[in-house]
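Colleague: Residues per chain are reported as follows:
2 protein chains.
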Amino acid sequence: MEHELKELIKKCDLAIKHEDFETLMNYYTEDAILVVKPGMIAKGKEEIKKAFIAIAKYFNNSIVPTQGEMIILEAGDTALVISQTLLTADKMDSEYSMDRRATYVFKKNSQGEWLCAIDNSYGTDIISN
Amino acid sequence: MEHELKELIKKCDLAIKHEDFETLMNYYTEDAILVVKPGMIAKGKEEIKKAFIAIAKYFNNSIVPTQGEMIILEAGDTALVISQTLLTADKMDSEYSMDRRATYVFKKNSQGEWLCAIDNSYGTDIISN
Numbered sequence: 001m002e003h004e005l006k007e008l009i010k011k012c013d014l015a016i017k018h019e020d021f022e023t024l025m026n027y028y029t030e031d032a033i034l035v036v037k038p039g040m041i042a043k044g045k046e047e048i049k050k051a052f053i054a055i056a057k058y059f060n061n062s063i064v065p066t067q068g069e070m071i072i073l074e075a076g077d078t079a080l081v082i083s084q085t086l087l088t089a090d091k092m093d094s095e096y097s098m099d100r101r102a103t104y105v106f107k108k109n110s111q112g113e114w115l116c117a118i119d120n121s122y123g124t125d126i127i128s129n
Numbered sequence: 001m002e003h004e005l006k007e008l009i010k011k012c013d014l015a016i017k018h019e020d021f022e023t024l025m026n027y028y029t030e031d032a033i034l035v036v037k038p039g040m041i042a043k044g045k046e047e048i049k050k051a052f053i054a055i056a057k058y059f060n061n062s063i064v065p066t067q068g069e070m071i072i073l074e075a076g077d078t079a080l081v082i083s084q085t086l087l088t089a090d091k092m093d094s095e096y097s098m099d100r101r102a103t104y105v106f107k108k109n110s111q112g113e114w115l116c117a118i119d120n121s122y123g124t125d126i127i128s129n
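Chains as they are written, first to last, in this note's numbering: chain G, 1 to 129; chain H, 1 to 129.
No wet-lab data here; the hints were simulated from the structure. Don't take each hint at face value.
Copies of the same chain look alike in the list, so a pair counts if it works inside one copy or between any two.
Stated by the list, open to error - Straight-line Cα separation of at most 25 angstroms, DSS-like style, residue types lysine-lysine; simulated pairs:
no.	residue 1	residue 2
1	K37	K6
2	K108	K45
3	K108	K57
4	K10	K45
5	K91	K49
6	K37	K57
7	K91	K6
8	K11	K108
9	K17	K49
10	K10	K43
Since this is a predicted model, take the numbers as computed values, not measurements.
Can you build the whole structure from these sequences, using the hints too?
Modeller: So this is what it looks like as C-alpha cells:
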C-alpha cells in the first residue's frame with residue numbers, strides 16, 4: 001500500500017485538475033500558506049482558493065499536476081514531502097517551470113488526518129543563490 | 001530585529017561549530033529526524049546526537065556551518081525554512097556538497113518555543129530526478 005500522504009496528494013492533484021477547489025480546501029489547515037509564485041504568498045483557505053482559481057485561469061483552465069519521484073520525511077505529526085511535481089497545460093508560454101522539485105509540509109490533526117500546512121511547489125528555487 | 005528562527009538557527013550553527021551537542025539537542029523535538037545523507041535518516045535526539053558526532057569526525061572536527069540567503073515560510077505553529085547552508089571544514093575531499101539549499105521544518109511548542117522537527121540540509125537534492 002502506498003503511503004497515505006502519497007494518496008492524499010493524488011486526491012489534491014485530481015481536485016486541481018477538476019477545478020474542484022471546495023474539495024481541495026478540505027486538505028489544507030485553516031492557517032495554511034501557499035507559495036503562489038516566488039515572493040507571493042496566499043494565507044488561509046480563502047486566499048488559497050482564490051489563488052488556485054487564478055492559477056487555473058492562467059493555465060487556460062487546463063492544468064494537470066502529477067507527481068514523479070517522492071520522498072516523505074515523517075517526524076511524529078509533521079511531515080515534509082519532497083516531490084518532483086510535473087505540470088501539464090494547454091499553454092506554451094508559461095513563465096514558470098512545469099517540472100519542479102516541490103516541498104510540502106503536512107500536519108496530522110487530532111483526528112489523525114494529514115492536512116497541508118505549507119504548499120511550496122517551487123522548493124528551494126525560491127532562494128535566488 | 002531578525003526573525004526568531006534566524007536567531008535560533010544561528011545558535012544551532014554555533015553549537016555545531018563548538019561541538020556542543022547537548023545544547024544543540026535542546027533545539028530539536030523529541031521525535032525529530034535528521035537526513036544524515038540521502039537515504040540515511042537519524043530519528044530522535046539520541047540518534048541525531050550520534051549522527052552529529054559522526055559528521056563532526058568525518059569533517060576532521062573542523063566543520064563550521066553558516067547560512068546565506070534564507071526564506072521563512074510560516075503557517076501558524078509550523079514553519080518551513082529554505083536556506084542556503086554553507087559548510088566549511090579542513091577537509092578537501094568531502095563527497096557531500098558544501099553549498100546546499102536546505103529545508104528545515106520547525107514546530108512551535110506549547111511554551112511558544114520553536115523546535116526543529118525535520119532537518120534536511122540536502123533540500124530537494126534527495127530526489128534524484
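Colleague: Hint by hint, say whether it matches the structure.
Modeller: Now for the hints, and whether the structure bears them out:
Both within a single protomer and between protomers do K37 and K6 lie at most 25 angstroms apart by alpha-carbon distance, with minima of 23 angstroms and 23 angstroms respectively. For the homomeric pair K108 and K45, the shortest alpha-carbon distances inside one copy (17 angstroms) and between copies (21 angstroms) are both at most 25 angstroms. Taking the closest pair of Cα atoms, K108 and K57 never come within 25 angstroms of each other, the shortest separation being 31 angstroms inside a single copy and 36 angstroms across copies. For a Cα distance limit of 25 angstroms, the shortest separation of K10 from K45 inside one copy, 19 angstroms, qualifies, whereas the shortest one across copies, 33 angstroms, does not.
In this assembly of identical chains, the alpha carbons of K91 and K49 lie at most 25 angstroms apart only when taken from the same copy (21 angstroms versus 49 angstroms across copies). In this homomeric assembly, K37 and K57 come within 25 angstroms of each other (Cα to Cα) only inside a single copy, at 15 angstroms, whereas the closest approach across copies is 40 angstroms. Proximity of K91 and K6 under a CA criterion of 25 angstroms is satisfied in neither setting, with 27 angstroms inside one chain copy and 39 angstroms between copies. With identical chains, the CA atoms of K11 and K108 are at most 25 angstroms apart within one copy only, with a shortest distance of 17 angstroms there and 29 angstroms across copies.
Taking CA atoms no more than 25 angstroms apart as the test, K17 paired with K49 passes inside one copy only; the shortest distance there is 14 angstroms, against 44 angstroms between copies. Within a single copy, K10 and K43 get their C-alpha atoms as close as 22 angstroms, which meets the 25 angstroms cut-off; across copies the closest is 27 angstroms, which misses it.
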